Amino acid sequence: MSNIRLNTITKKFGTTDVLKGVDLDIDDKEFVTLVGPSGCGKSTLLRILAGLEQPDEGQVIIDGKNVTSMRPADRNLSMVFQSYALYPHLTIRQNMMTPLKLRDLSTSQRLPLIGPFLARKEYKELFSQVDRTAKILKITELLDRKPGQLSGGQRQRAALGRAMVRNPLAFLMDEPLSNLDAALRVHMRAELTQLHQRLGATFVYVTHDQAEALTMSDRMAVMMHGKILQYGSPEDIYQNPANVEVAKFIGSPAINILSASVNDYAQICIQNLILDLFAPTQEPNITIGARPEHLTFCDDNPTALTGFVQHIENLGADLYYHVKIKDEQRPLIVRSAAGNGKRHQIDDLVHVKFDLNSTLAFAADGTRLQTHRKLMDELAS
Amino acid sequence: MSKSRAHIWFVSPALFLMFVILLLPILVAFGISFTSFSLGNSGAEFVGWKNYEQIFTRSTYEKMFGATFRYVLTVVPLTVALGLGAALLINSLTRFGDLYKTIYFLPVMSALIAMAIVWEFAFHPTIGIINSTLERGCGTFLENWGWYAQGCEKTFPLWLTNRDYAIWTVSFIGVWQGFGFNMVLYLAGLTGIPKELYAAAEMDGAKSGWERFRLITWPMLGPTTVFVVTISFIRSFQVFDMVEAFYPQGGGPSKSVYVMMFAIYEKGIQQNLMGVGAAITVVFLLFVMFLTVMQRWLVERRTHYV
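Chains V and W supply the protein sequences, listed in that same order.
According to this note's numbering, numbering within the first sequence proceeds without interruption in unit steps and concludes at 1529.
According to this note's numbering, numbering within the second sequence proceeds without interruption in unit steps and concludes at 730.
I should point out that these hints are in silico values taken from the structure, not numbers from a laboratory.
Computed from a prediction, not measured in an experiment: that's the story for all the values here.
A couple of the hints might just be wrong.
Said to hold, decoys possible - Here are the simulated DMTMM-like pairs of lysine to aspartate or glutamate, each with C-alpha atoms no more than 20 Å apart in a straight line:
1) V:1177 x V:1211
2) W:631 x V:1171
3) V:1294 x W:620
4) V:1472 x V:1441
5) V:1213 x V:1171
6) W:619 x V:1503
7) W:619 x V:1323
8) V:1160 x V:1176
9) V:1472 x V:1513
10) V:1249 x W:635
11) V:1522 x V:1441
12) W:631 x V:1222
13) V:1375 x V:1222
14) V:1294 x W:724
15) W:631 x V:1252
16) V:1249 x W:626
Stated by the list, open to error - If you only want the chain W side, here are some residues facing chain V, beta carbon under 8 Å, derived:
17) 563
18) 573
19) 630
20) 640
21) 710
What the hints assert, rightly or not - Derived coverage of chain V by chain W (criterion: at least 3 residues anywhere in the stretch with Cβ under 8 Å from a Cβ of chain W; other residues may be distant):
22) 1212–1221
23) 1244–1250
Quick reminder that beta carbons are idealized off the backbone N, C-alpha and C, glycines included.
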């Protein structure tokens, strides 16, 4: 079908830089998620891709063709909006017919009353196309209702139906699940992923929910302050964040960030604890990040941090302990499987050790530092 | 259900006032319309349907209905169309929108009776700005137009005092005065249309402005349109002050601008024929009632989406 390239897109609204030179490559049949906090420019980027906004600089290239100055209607992309944007005065069938009618019929064939009479064969074909799509989405019995008579989930499907019915080059989705309740959202995540596999189409999906991005996408682009900070597979971004902002944004509960220092032997030290981990840097002050699942409780030993349990979050299968460490502002969050060893109580004194293979180090400016379990020769000298 | 009667006490002031100042006068007018009552005359006779018979048989009243419907059927479509057009244009502006809103709304705010005097000067056959402007066009290509040539040869029409032109001139002023109000209503309606619908239409392939108007703007303005049309009908049925200002005696050249409200005033107040005046009032109320019922029916049946 189609691959999409965005070349150094910049966009300003007034004096605010919304996008500062964004590059993005989307392969054919890929499910790409743009994820970031609100106001990071992800929706604007999607609207530029759709053609609803014009970039100040840069190009949008679809299948090797520069479509930057082409109208949205000519790009053959379809979009699902956060508010669904179904036409409230039309039934679902008419809603789904609209893109077909506007594209496949001539002006005279679109005339009310006379049109369907003149082009009976074409209309029959379009109706059967609508019926086929409705069957895939299981909304056949909703076709004669109006959007106002549907629940949130049903409207969502109807909006998907309107997007799907005409086989577009790619689907653009702007936070389509954010108006649904939590249970339905999880269900629709799975359904959308299956739909993506079934249709074999390119999906570009915008969300502020990192869980959606992690669960659904082939590749995800983490955006902040009008830039793409990192673009890669969900596993890669979760395990190897390129900088501290990405690490903080992806993962729930958020990664634990601790200030640390590097001693003369390039060893990372937290407070007066010296870790068996080396960072090749000249800067003395760095931060380290450790996800809750990479921290474990242990007996008192020189490589463990000591603190008090401040709060316990029980999620059934897992327990998240909030451990207050002396001189640290934020408590450390430690994950522990519910059936795993002794349960701690609030105010218990505990010792926490790092999984050094998964502990991340970041320079003072936030960029990722490579860490090593052994001191490298050139630094030792 | 509790036995408390507090609710009656809460609604009774409103019910009482509604009865005394709305329903009672209508009932009284309805009663008077069957009599030959006149103010200051102690005795009034019951005359049955005679007053109504007059209304539907005498040529004066035939002229009254003619003038009223000519006025209403010209002013309503034009004010609605111009109001919508102006609202759409202003809505598409990024700058100066407020300026245009003010300009178009000025005639609505001004007292029509004062404006009528200004228009009377403008339409004056010899010193009026309109005819003197038209005269300047004489001798140019405009004379190819038969009507214009005739105007140059003799005189341009006496807009307000010619039997054939008067009602249309008055209608024109009615349109000028009224469309700003509809424009404001339509502007309010336009702000209620979600922007995303237009984005969706654009994605669906609606390329021309007309397609977007047909697909979104017009249907979404449905409830506004029903309201605007009803209000315009009622307002134009009520036209009175302009006619009174232009033609204090007798409703225009050979009664060609003898609109209903003026007829009520002339019969009931000037000639003190309360019975006939009341009968016209009842007919007038029936028109308004019909329009209001139509509006309710349309709002509930067709234009209610969510």
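Now for the hints, and whether the structure bears them out:
no. : hint            : verdict
1   : V:1177 x V:1211 : 12 Å, holds
2   : W:631 x V:1171  : 29 Å, violated
3   : V:1294 x W:620  : 18 Å, holds
4   : V:1472 x V:1441 : 17 Å, holds
5   : V:1213 x V:1171 : 16 Å, holds
6   : W:619 x V:1503  : 51 Å, violated
7   : W:619 x V:1323  : 16 Å, holds
8   : V:1160 x V:1176 : 29 Å, violated
9   : V:1472 x V:1513 : 26 Å, violated
10  : V:1249 x W:635  : 11 Å, holds
11  : V:1522 x V:1441 : 23 Å, violated
12  : W:631 x V:1222  : 9 Å, holds
13  : V:1375 x V:1222 : 28 Å, violated
14  : V:1294 x W:724  : 15 Å, holds
15  : W:631 x V:1252  : 13 Å, holds
16  : V:1249 x W:626  : 13 Å, holds
17  : 563             : 45 Å, violated
18  : 573             : 41 Å, violated
19  : 630             : 6 Å, holds
20  : 640             : 7 Å, holds
21  : 710             : 32 Å, violated
22  : 1212–1221       : holds (count 3)
23  : 1244–1250       : holds (count 3)
Checked against the numbered hints above, the structure breaks hints 2, 6, 8, 9, 11, 13, 17, 18, 21 and satisfies the rest.
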